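Residue numbers (our numbering), protein chains in the order written: chain A, 1 to 350; chain B, 1 to 306; chain C, 1 to 367.
These are calculated hints, taken from the structure and not from any lab test.
These numbers were taken from a predicted model, which means no experiment stands behind them.
Just to be clear, a hint being listed does not mean it is correct.
What follows is a set of in silico ranges between Cβ atoms, one per label pair, in the way DEER data are often shown [what the hints assert, rightly or not]:
1) B:His-182 - C:Ala-20: 25 to 35 Å
2) C:Ser-124 - A:His-201: 34 to 44 Å
3) C:Ala-18 - B:Ala-162: 22 to 32 Å
4) B:Asn-128 - C:Leu-330: 55 to 65 Å
5) C:Arg-358 - A:Glu-228: 13 to 23 Å
6) A:His-201 - C:Ile-16: 27 to 37 Å
7) A:Lys-161 - C:Arg-358: 36 to 46 Å
8) A:Glu-62 - C:Gly-36: 54 to 64 Å
Backbone N, C-alpha and C fix where the C-beta goes; we use that ideal spot for every residue, glycine too.
Single-letter residue listing:
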Amino acid sequence: MLTPQAVQKLFETLRQLSDEGCSILYISHKLDEVRDLCQSATVLRNGQVTGETDPRKATSAELARMMVGSDLPEMMVESSELSNAPILSVSNLTLEAESVTGRSLKSISLEAYGGEIVGIAGVSGNGQGELAAAISGERITNAAEDVVLEGRPIGHLDAGKRRDLGLGFVPEERLGRGAVPPYELSENALLTAHRKGMVKHGMANRKKAREFASHVIDKYKVKANGPEAKAHGLSGGNLQKFIVGREIELDPRALLISQPTWGVDVGAAAHVRQTLIDISRSGQAVIVISEELEELFESCDRIYVICHGKLSQSLNRAETDVEDVGLLMTGIGSQTNDSGSTTEGFDYAV
Amino acid sequence: MDLFVSIFTATIIAATPLIFAALGELIVEKSGVLNLGIEGMMLIGAAFGVWAHFAGLPMFVAVVIAVLAGMASSLLFGVLALTFMTNQYAAGLALAIFGAGVSAFIGRGFGSTPVEAIQPIDIPGLSNIPVIGEMFFHYDPLVYFSFVMFGAVSWFLYRTKAGLTLRAIGESPDSAHAIGFHVIRIRYLAVMFGGGMAGLGGAYLSLVYTPLWVENMTAGRGWIALALVVFAAWRPKRVVLGAWLFGGMTILQLQGQAMGLAIPSEVLSSLPYLATIIVLVLISQNRQAMALDFPVSLAQPFRPKG
Amino acid sequence: MILAQQQRALTMLFKIEARAEPSRQMALAAPLIATGLTIVISSIFFLTLGLNPFLTLYTFFVEPLTTKNGLSEWLLKASPLILIACGLSIGFRANVWNIGAEGQLIMGAITATGVGLFLPFQESGLLLPLMAVAGVIGGMAWAAIPAFLRDRMNTNEILVTLMLTYIAALILSWLVHGPWRDPEGFNFPQTALLPNQGMFGVFDYAYRLNTSIFITVVVVVLTWVFTERSFLGYKMSVGGAAPSAARFAGFSSSASIWIGLLASGAAAGLAGMMEVAGPLGQLSPQISPGYGFAAIIVAFIGRLNAIGIVLGGLLLSLLYLGGETVQLSLGLPSSIALIFQGMLLFFLLASNFLINFRFRKIAMRAH
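Can you make the complete structure from the sequences, with help from the hints?
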């Protein structure tokens with residue numbers, strides 16, 4: 001993952017190489033990049049060539065149609081009423097890294113209101129993983145008050161108890177974290193949806209788990225051979241739709257979702273994004289951690305930027321642009337805070 | 001003073017089979033493979049060494065045969081764990097059990113017949129120095145060889161490109177594969193090295209240390225070698241330190257028994273095992289240090305994609 | 001030229017391919033394939049030793065089961081193996097590697113014998129149940145040490161359980177050579193015999209099989225329910241199959257460690273109690289022919305499934321018996337049984353590969 005500025009730098013180098021006579025095969029699902037860089041494009045879908053075109057002359061929509069096989073649905077973003085108080089808030093969260101390669105979090109504060117989607121941008125490895133773990137409960141924070149859900153301190157609770165209180169989480173790794181690879185989808189339903197009455201007298205009710213899995217498969221258009229399909233047999237996009245669906249069906253008050261469209265095909269990505277917009281508009285708070293600025297700008301109401309384990313002030317989407325956020329991602333951006341004075345966003349001595 | 005010198009030299013000797021086996025396992029684990037079968041491979045080495053000795057072969061050849069036998073037995077594990085992607089814990093345990101059986105079968109008939117042990121060699125000039133000569137320059141060739149192997153393993157791991165490749169494979173086999181390294185092939189080589197070293201450690205027991213064949217004569221040294229690798233936090237230097245520590249424990253408890261301390265011999269015999277546990281507990285407290293050289297892909301089966 | 005072409009046309013490679021879904025047929029066929037291979041290889045082995053492979057295999061696998069005594073011994077030896085393997089499977093599913101069931105068995109035998117010999121209930125019908133409880137507690141207590149060290153001290157349980165096995169064997173040796181030695185036992189290193197109330201009843205005085213086998217049956221059923229149906233069993237399995245998913249779901253890893261070790265310790269301790277209160281009747285330095293280690297094999301042969309474990313236990317018990325039979329009637333060394341066990345285990349483990357993978361022929365394109 002590169003910042004927009006770094007991408008431009010890379011493209012310059014690639015153009016220089018191609019000028020020197022080197023042929024370059026560039027594989028990407030980022031349509032803008034392909035249109036910017038390439039002289040000809042071959043589109044693949046399900047292992048078959050579905051089109052060849054000159055991307056400089058084609059529109060993103062045309063390329064997307066070749067990739068998906070149909071027109072992408074328009075994103076529906078309605079404005080919405082925000083809740084009076086934040087549903088989820090993190091205040092002054094500081095957390096030591098667990099390993100030498102990890103990143104420590106330094107006094108992070110953020111708020112997410114019901115009815116909005118909040119984005120967290122950043123180059124990977126700047127503390128996103130640690131922040132997600134601290135919010136979701138995979139890691140317990142130092143003080144209970146570090147993370148507050150609907151006025152209730154939850155920093156001391158594990159992921160299961162936080163989920164009981166209405167905090168949903170979709171991690172970036174689907175296989176092995178969001179789902180158990182060799183298990184059937186019905187067994188993976190049990191992973192978090194067991195709280196929907198699937199356990200009685202300590203025994204797991206497999207029938208209910210199967211019904212729940214079938215429901216998610218239908219409602220979220222998951223392509224799978226029924227609830228008995230193994231998780232590792234599904235494509236990345238379909239497993240992501242299943243996990244997102246499973247977490248949303250638990251009716252969370254706040255949903256944290258990390259890298260929602262990593263390795264997900266364009267069609268499934270659009271579906272996931274629309275789902276997130278829909279649940280935020282129904283009054284839930286949604287936090288999206290992503291490296292894809294395009295994605296954040298498409299669906300988020302506000303954006304924070306994380307860099308070196310520190311979080312920036314929040315930026316309203318309408319008042320910022322890719323350039324600004326990109327600079328903040330590198331740690332050299334400056335930003336205007338509430339008082340209007342210019343402050344340095346980050347220390348970059350790290 | 002004499003007592004000190006004899007405890008010192010006995011410790012060095014008792015540590016030698018542990019150094020061989022643990023250095024071998026260190027390389028195996030650095031490649032991301034966990035072979036629990038050291039005990040079995042040591043037994044096989046010990047039995048084949050004795051068998052070759054009584055077949056009239058020269059000592060040097062007997063040691064080589066023990067190494068080859070250890071390697072061959074490690075291949076059984078390799079096929080299971082690397083080619084067939086069996087759970088490595090199960091495959092290693094199978095080898096431990098299988099090794100006990102095979103060694104008992106090979107060694108039957110040689111039971112308790114003394115072996116003419118490999119003799120210490122004097123290093124001209126140096127071994128005549130009082131005390132120092134006795135302490136440092138009057139050992140059998142395999143003791144010196146264990147130090148050569150320590151140097152070789154350290155050098156290989158941290159000073160050669162092949163060592164870097166091996167460590168990379170243990171850290172991230174997928175990336176190593178993507179760069180074009182043959183993960184499975186290199187892991188096979190590592191496993192075979194581990195088997196050869198375990199066989200050598202076994203041969204040291206049956207041809208030098210004891211020196212005779214007794215069923216299950218390793219008495220848990222294979223497992224202690226495994227513990228040493230954890231104790232050493234996957235660093236060669238601490239493997240040797242650990243081996244001396246446990247060698248020392250073994251010798252001290254033998255001394256205690258010989259001196260007729262008023263403690264049941266069982267209490268003294270349990271000291272090395274107890275010490276292993278205590279040291280493991282202490283060492284495991286520093287999670288960050290433990291994680292530093294830990295091969296991340298340890299015991300996870302690998303299959304090249306595509 | 002033509003030859004080269006033919007060669008090229010014939011060049012075939014086998015490609016290993018993951019199956020989308022595990023094969024149900026292979027799940028059944030794999031153990032049969034493994035047994036078949038073991039028989040073939042061992043026949044060759046017997047031939048090289050100058051033995052008649054048919055006679056040897058018959059003596060190994062069939063002869064022990066032709067007598068009532070053989071059947072009794074078969075079940076008698078299978079029972080502790082199955083019992084311990086059931087306990088181990090609970091931990092193994094959660095990646096909790098208790099390799100020291102042998103030590104827990106010894107401790108269970110020690111505590112049970114202590115109760116049987118030295119508690120004032122010698123004539124009471126309560127003695128046997130008390131001994132069983134003591135055996136369970138002894139095994140659990142010995143397993144609680146690695147559980148505590150792994151949970152609180154981050155210490156590898158494989159190594160600790162193993163080291164504790166050696167220590168348990170030394171404690172046993174000390175007891176039977178020292179304080180617990182039978183004063184009327186002609187200085188043999190063994191305790192006095194347990195009182196009658198402290199022994200399981202036999203079905204027939206001619207044979208050693210006793211009523212403790214019902215305990216194993218109950219444990220098998222409980223294990224099956226726990227691993228296949230209970231939510232706790234599910235949570236532990238998730239911890240083994242995908243630790244990050246367990247953390248994601250909020251399933252406690254320390255609960256898995258404690259339950260995994262205590263369950264296997266309890267089973268092993270109970271098995272130790274069943275040995276002393278059954279065929280042995282007293283403590284001696286050698287109370288187990290390696291049941292604790294062999295049970296690990298049984299658990300893996302049975303694919304950590306209660307029903308599979310029953311079959312695996314019966315198979316391994318037969319190997320023990322067969323080993324004894326060939327020793328008695330053909331004069332073969334007892335190590336043959338060990339080799340046989342190891343070989344079968346290797347093939348069984350390798351054959352499981354066929355359940356999740358398949359070989360596919362790829363013919364190279366001829367030019």
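Original post:
Which numbered conditions among the earlier hints are violated in the structure presented, ordered from lowest to highest?
Top reply: 6
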